[in-house]
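Visitor: Please construct the entire structure, taking both the sequences and the accompanying hints into account.
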Amino acid sequence: MIKLTIGVALISTAISPVVAQDVLSGTWKGDISASQLSTKPSSTLIDKGLYTCATCKPMVKVVADGGWHAVAGQPYYDEMSVTVVDPAVVKYATKKGGKIVSEATETVSADGKSIATAFSETVGTTGVPITGTSVSDRVAPAPAGAHATSGSWRQTKDAQVSDSGLTFTFAQVGKVVSYSTPIGISFAATIGGPAVPVTGDPGWTTVSLTQPSARTLHETDMFEGKVTGKFLMTVSPDGKTMTIDVNDIKRGKTSTLVAYKQ
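Residues -20 to -1, 1 to 242 in mature numbering (1 follows the signal peptide of the UniProt record, and there is no 0) are what the sequence shown spells out, letter by letter.
Worth double-checking, as some hints may not be accurate.
What the hints assert, rightly or not - In silico lysine to aspartate or glutamate, DMTMM-like type, Cα no more than 20 Å apart, as pairs:
{"hint": "1", "residue 1": "Lys137", "residue 2": "Asp117"}
{"hint": "2", "residue 1": "Lys137", "residue 2": "Glu59"}
{"hint": "3", "residue 1": "Lys76", "residue 2": "Glu204"}
{"hint": "4", "residue 1": "Lys71", "residue 2": "Asp27"}
{"hint": "5", "residue 1": "Lys206", "residue 2": "Asp218"}
{"hint": "6", "residue 1": "Lys241", "residue 2": "Asp225"}
{"hint": "7", "residue 1": "Lys20", "residue 2": "Asp225"}
{"hint": "8", "residue 1": "Lys233", "residue 2": "Asp91"}
{"hint": "9", "residue 1": "Lys75", "residue 2": "Asp45"}
{"hint": "10", "residue 1": "Lys75", "residue 2": "Asp58"}
{"hint": "11", "residue 1": "Lys79", "residue 2": "Asp66"}
{"hint": "12", "residue 1": "Lys230", "residue 2": "Asp45"}
{"hint": "13", "residue 1": "Lys220", "residue 2": "Asp27"}
{"hint": "14", "residue 1": "Lys79", "residue 2": "Asp91"}
{"hint": "15", "residue 1": "Lys93", "residue 2": "Asp11"}
Worth flagging that the hints you see were computed from the coordinates, not collected in a lab.
Guide: Printed below as a string of structure tokens:
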């Protein structure tokens, strides 16, 4: 599912397929301001010329000299560049297979209490980028002598994300749910059936669906056979709002996202 993001939805086995399809089908758009984001912080360190992301899974360590350095174990990238621009600004970029897939600039506020990030990433098959800005609040100080971007940060709702990172479309025929996004992620899975392949997302290889109740759907995401996330989607009685309870197992984070039918 798109990373901000969301997944699939619900159909009722207790109602007719036509009614279920009317509830499910269409395009939905996530709303960050209406969501409850994870309170678990992210921790990074730039010190003595070395960048460390302690909360990345697996941990990432590269030399922060502006050059490209190999990274192992990350499905979305295999090279990373970290450039210290000045005492308050750091630029990041990643590559996969020799192609740049993400770029970001972090800027620490004058009082050191917040950090603003401008980002662009292209991970899907369509070449459509996800762009945006976000703000995180400091929850732990930078160690003495480390760059100001170091420490622990908690994401806030002060964020702007392009529609390509917030929207998804799905449809149902019988018990088969089809899902697609503007960046090229897609699957077609049968409710209660086996896990099926996902296309267009290097970090999400298979998905399976179950339906606990008439207006809820449970999605299990996997990477190379290992469960990475679980999502419980609930559609409101009027069919206009979807609430997604997210259990990000890989990163140990939980959140509640809200999406509206377009």
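Visitor: Tell me, which hint numbers fail for this structure?
Guide: 2, 5, 8, 11, 12, 13, 14 and 15
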